[in-house]
Amino acid sequence: MATCRFLLLIFALSAAASAQPVDFNRRIRPILSDKCFTCHGPDSGKRKTALRFDQEKSAKSALANGKFAIVAGHPEQSELITRVTTANKALRMPPAYMGKDALSAAEIALLRRWVEQGAEWKPFWSFIPPVRPEVPAGQNAIDYFIQSRLAREGLRGSPEADRATLLRRVSFDITGLPPTLAELDAFLRDESPNAYEKAVDRLLASPAYGERMAFRWMEAARYGDTNGYQTDGGRDMWRWRDWVLQAFNRNMPYDQFVREQLAGDLLPNATLEQKIATGFNRNHRTNGEGGIIAEEYRVEYVADRAQTTATVFLGLTAGCARCHDHKYDPISQKEFYQLFAYFNQIPNEQGFAWNHGNEDPNVKAPLPEQSTRLTALDEILKRAEEHWKKVSGAAEKPVAEDWTVTHDLVFQKAEEIQKPFEQKDGNIADFGYMQPCTYSVWVKPEALDGGVLSHSDDFYDGNGHGIYLDGGKVRFHLIHRFSDLGIRLKTTQAVIKKGVWQHIAVTYDGRRKAAGIHIYVDGVLQENDVEFDQNNEPLNVKGRPIRLGAAGGRLYNGALRDARIYKAALTPLEVQALLPAGSKARAELALRERGPQELRDAWAALVQAQAERDKYYASIPSVMVMADGAGRATYLLKRGAYDVPGEKVEAGVPAVLGAVDPAWPKNRLGLAQWMTSRRNPLLARVMVNRVWQSIFGTGLVKTAEDFGSQGEWPVHPEVLDWLAVDFMDSGWDLKAVVKKIVMSSTYRQSSRVTPELLQKDPENRLLARGSRYRLGPEMIRDQALAVSGLLVQKVGGPSVKPYQPPGLWQELAGGGGYVVDKGEGLYRRSLYTYWKRTAPPPYMVNFDSPNREVCTVAEGRTNSPLQSLNLMNDVAFLEASRKFAERVLTDGGGSMEYAYRLATGRLLDEARKRVLERALQSFRATYTNDRKAAASYLAQGDSPVNPALDAGEFATWTAVSNLLLNSDEVITKQ
Amino acid sequence: MSLTRRALLGKSTGLAALATLLGRDGLAKQPGLSSFPNFAPKAKRVIYLFQSGGPSQLELFDYKPRLTEFQGQDLPDSVRGTQRLTGMSSSQTNFPVVPSKFAFQQRGQSGAWVSDLMPYTAKVADRLTFLKTVNTEEINHDPAVTMLQTGFRLGGRPSMGAWVSYGLGCETDDLPAFVVMISNSGGGQPLYDRLWGSGFLPSRYQGVKFRAGADPVLYLSNPQGFSTENRRSYLDSLSELNQITAGEFGDPETSARIAQYEMAFRMQKSVPELTDVKSEPEHTFELYGEDARKPGTFAANCLLARRLAERGVRFIQLYHRDWDHHGGLPAGLPKRCKDVDRASAALISDLTQRGMLEDTLVVWGGEFGRTVYCQGRLTATDYGRDHHGRCFTVWMAGGGIKPGLSYGETDDYGYNIVKDPVHVHDLQATILHCLGIQHDKLTYRFQGRDFRLTDVEGNVVKAILS
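So the protein sequences, as listed, match chains A and B.
Positions 1 to 974 (the working numbering) are the ones given, in order, by the first sequence.
Positions 1001 to 1466 (the working numbering) are the ones given, in order, by the second sequence.
There's no promise every hint is true.
30 angstroms max Cα-Cα, derived DSSO-like pairs, lysine-lysine [claimed, not checked]:
{"id": "1", "chain 1": "A", "residue 1": "Lys100", "chain 2": "B", "residue 2": "Lys1441"}
{"id": "2", "chain 1": "B", "residue 1": "Lys1042", "chain 2": "A", "residue 2": "Lys100"}
{"id": "3", "chain 1": "B", "residue 1": "Lys1419", "chain 2": "B", "residue 2": "Lys1462"}
{"id": "4", "chain 1": "B", "residue 1": "Lys1335", "chain 2": "A", "residue 2": "Lys638"}
{"id": "5", "chain 1": "A", "residue 1": "Lys801", "chain 2": "B", "residue 2": "Lys1419"}
{"id": "6", "chain 1": "B", "residue 1": "Lys1335", "chain 2": "A", "residue 2": "Lys542"}
{"id": "7", "chain 1": "B", "residue 1": "Lys1338", "chain 2": "A", "residue 2": "Lys100"}
{"id": "8", "chain 1": "A", "residue 1": "Lys46", "chain 2": "B", "residue 2": "Lys1209"}
{"id": "9", "chain 1": "A", "residue 1": "Lys89", "chain 2": "B", "residue 2": "Lys1441"}
{"id": "10", "chain 1": "B", "residue 1": "Lys1209", "chain 2": "A", "residue 2": "Lys822"}
Simulated from the structure, these hints should not be mistaken for lab results.
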């Protein structure tokens, strides 16, 4: 279909083209790519003969039968032409079994003419670095190229849009918000020749610019607030989102913006902000479904990074080369894995990811004010420590042989026992999987195997905590599900001896990892062998007893005494204090409780300072980031499967895109250097194209996600290349790109269209008129909030939960569900709306938002009745309508002119006024008579209903306001 | 009648404009692609009764009498082979075979084996065809459900219903082409919006979720204090306003928008009518069971499915969850069967009585089956089974399907396929075939590639076609 439309367009645009030379890249390659490359293209696995149509040499060489596929100047001798035209179905290309349609007459004619004209071959356009095309002095480059093209097509541009329409258009394009009435008035009053430019500069300087740009970047970067698989737990990536919007607002050079997101962590002396930037490559979904094979998903994450990087920065569908060589573009499967190799180096990357927060690696990412506060708390803590050291160092240590650690002691069985003991109600030790705890016990075993102390199921592969002896080694289990969720480890040395009293202490810091478990034997910290280290889910052992001399169905043989369980991880010093030889530790610790008042106060102050610091630290957001250094070898994966490695590959970029400088490091930093270098033909083109798309609705290359062989040839290639080169020459000044586009006459044209023009260029690719299309979901809602005065323009921060119909999360997954915010969370801009990937905000989905599961750079726009219902009946829009009406009745004196202008920026004309006044009268007839209906219609949303207004009139205007917010003009940028 | 029509017909726009308007998206009857169906379809619509979590084929439809001989024995390595197991049972030290605790009998003329857990289904067995060898590479819920519903294990592709709606369009002008209903089962594995999403297809092809409760479709109801009359007059004004805009800018999208609002209005009327089952005669509830009166039950949704089918909805997708019996299977499984057995069978009977089964394809099944070996602890009274993608049973009935067949064979352990495998892509190709769609023709260009539901695979299971 797409090809079909594309070809139609070509014909529409080139009616009188028959005498013109046929351009290989524009006309011929798309046919060869679509119809021939599958078997005669880059994919070495699918080529059945040596003949390739993606390479000139092969296409023009002698075939096995001595004939030639292409004989320049001689279509009649060219097998290519013979085989696509033959009536013999067995010979005709493409073969029917390929599921491809036969070539159309028009396609065949083109091929024939091209061969006739000499079959000139050209390298593929997007792989050649762009060169700035010539523009006559004093001419605006965009307008020059577009007007030249229009002239060739026998078309003329449209006049400039009226100023109010233009200001609304450019306000949405730069900030995603409509102009305020004050901004509109100021602009209309400003008669200076550069009034428009001043408005553009004002908009570019607004913090709303970064928010508008960030929203699309979030879609490209598949940003979500949840993990995206199955139970779809939460994560915190908003610090990355805020980094992006701040970078846009500061107009960070785009090459730096790219470099820091790809490899900020590897830059010399990387700052926290640069590390946060690398969250870009951690935004992919992560899977925490029980039972998955971790490596399968780890590979998926790495592939996602490679694919997303290729799409966002290169406009290439590199993912197509994951299972086999690319079928259309010169990217081999090996090259895909070379790209993959850059992202394959996260140490200890967890494929089976934590589903209740940020998986490793992540960094604490305090906001500036949080850093200040944390520094202050650290200072207080430091002073408290110093003070404690000072006063306790000088103090005489009391003899405290009777002292022992009693804080957080939840279970103790002091006496010696020879037989297993069971405390039926073990819930006192029913710790969560992230609860620090300590198990401590004296053992004098007769056998070196058995369960010692536990709160667990009574079979070995059951759930819970427990200490075991295992051939004289000390083993500890902390298990949610034996097979795949929990921690299991044991000491490297067989330290336990028969018939001797020895002390075992196991402490766990509550941070999910085996590294946080310490085993002491007679106070000596042991080295451990970690058997299993994947502790992602809450334990479920409520109701199990505490067992002494038994664990997991295994019995202990020997004597035990003084078994203890603490709901805290004891410090090494506290562990020492449990031993007979720990007199010094006991004396030191006892000082805290038994010393003079001054000492006790000093200790209490230290404990409090530590607690406050820890609590504050815990409240600081973290963000998942990239890290390097796993030293992991990368292999080509056959058929893309995680468990079928082929040859080993080194990190690298596809050869067709130019080489990496050998001086650059062979890691993500080297990739970032190549990516942002002039050697890369695509980075600038792909970005200016997306900026163009975000302003005109369609890119210069319509397939913003595919600049390859199957993508669309740029409709105005000179504009694309001029903007791309200018972008690089300007030092990657993104605001300058936006400004150049919106300053052009092309952009400023009226979007009115005549039937003739509509017929000639239905999609407005030639740009003989301004573009007119429905706003994206975020702008539709943000506009309603802005027009109504509800919008809270606070920049950045954690995601918020505005109105959403109840039950949407529960009906999919059960559980607690969505809790609607109170107050400002209801009225923030839509980019801050919490994005749950398996159940995204319905209004976003209704209005074509990408689902954020995978990278999406294309902008889709459809119409559906669900959109209408959404705008008419969703509380968010009803409340906005009420507040809008309130403004009309208070600030606007109940004037329809005011209401219309507030919604559209334009002056109300007679025809519309008649319609709106009639609607007003009709609603008034209802609501002045039915006060009850009026009251309930007004009672939508959390904000208070202004009691000073007459309910009937208020409801009447609320209905009219809602009508305006639903009108085509208002939800459209025109 | 309404101002809308007046505005449309009275002015310069005229009938031609109306025709154009009705030919665009947002419109009334959403068209499919002109080349579809590719051949005369046997089925006009699909009702997919999806059983999420992985119902055990060994307790329901795949009768394995020899398992009693093998009870408690380790599953031989020769049977288990090298296939991958989930992380939940891969580290088990033994894999004891456990036979079904529930008895099987041969049913009807066809002699199909159906367990006693499904007495109602057993009665309509002659109308069903059991595919015993459906298989998938996936061994975890998320990728397996995603595979079954979208043809690929990772999210991002269009769902089956979206593909069908894209290819065939809608037969009704006041309901969506693709409707989804989730019944409450009290628990179970989560579902995801992507399972009925439109992926990279335009979002208008996404499944529309019908929910139990006051607002069957999100935002369907007018707010309190806003009457239907108000809405009509509101829409007439809106239409006039948009008509002025259409005249001013000449943008055909504006006309499409008018039609879109009109369809919304029709939905406001048609959906409550559809979901209000009070008009159903008493014998309907005798057939579906009393549960069918309770909104949100599987039975109620089966009844709604029939009502949707009657009104021309193209793809009706039901979900019932909580079939994931890793442990406690003997207690858990009968509850799920009780939820769905009677209503599933009732739907078949009801469609038959109305002469609709012949052009309605009904599919029943989950995302995978369950292992013959016990997961976790095997006791005298209790056992569980892990996920098993190598073979599981799906039944199909109605338009395009030969009734009364059992297709494909598994080994004595119900662990491996010995004859006639049906991959998930084959199942999808077969469903599309019944709808008159050649599965490798229904494609959409995205990122340079022509994607399809069956990815790069798929063979129609011809032997079961009528």
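Hint-by-hint comparison with the structure:
no.	hint	verdict
1	A:Lys100 / B:Lys1441	holds (9 angstroms)
2	B:Lys1042 / A:Lys100	holds (25 angstroms)
3	B:Lys1419 / B:Lys1462	holds (15 angstroms)
4	B:Lys1335 / A:Lys638	violated (44 angstroms)
5	A:Lys801 / B:Lys1419	violated (53 angstroms)
6	B:Lys1335 / A:Lys542	holds (25 angstroms)
7	B:Lys1338 / A:Lys100	violated (48 angstroms)
8	A:Lys46 / B:Lys1209	violated (42 angstroms)
9	A:Lys89 / B:Lys1441	holds (19 angstroms)
10	B:Lys1209 / A:Lys822	holds (27 angstroms)
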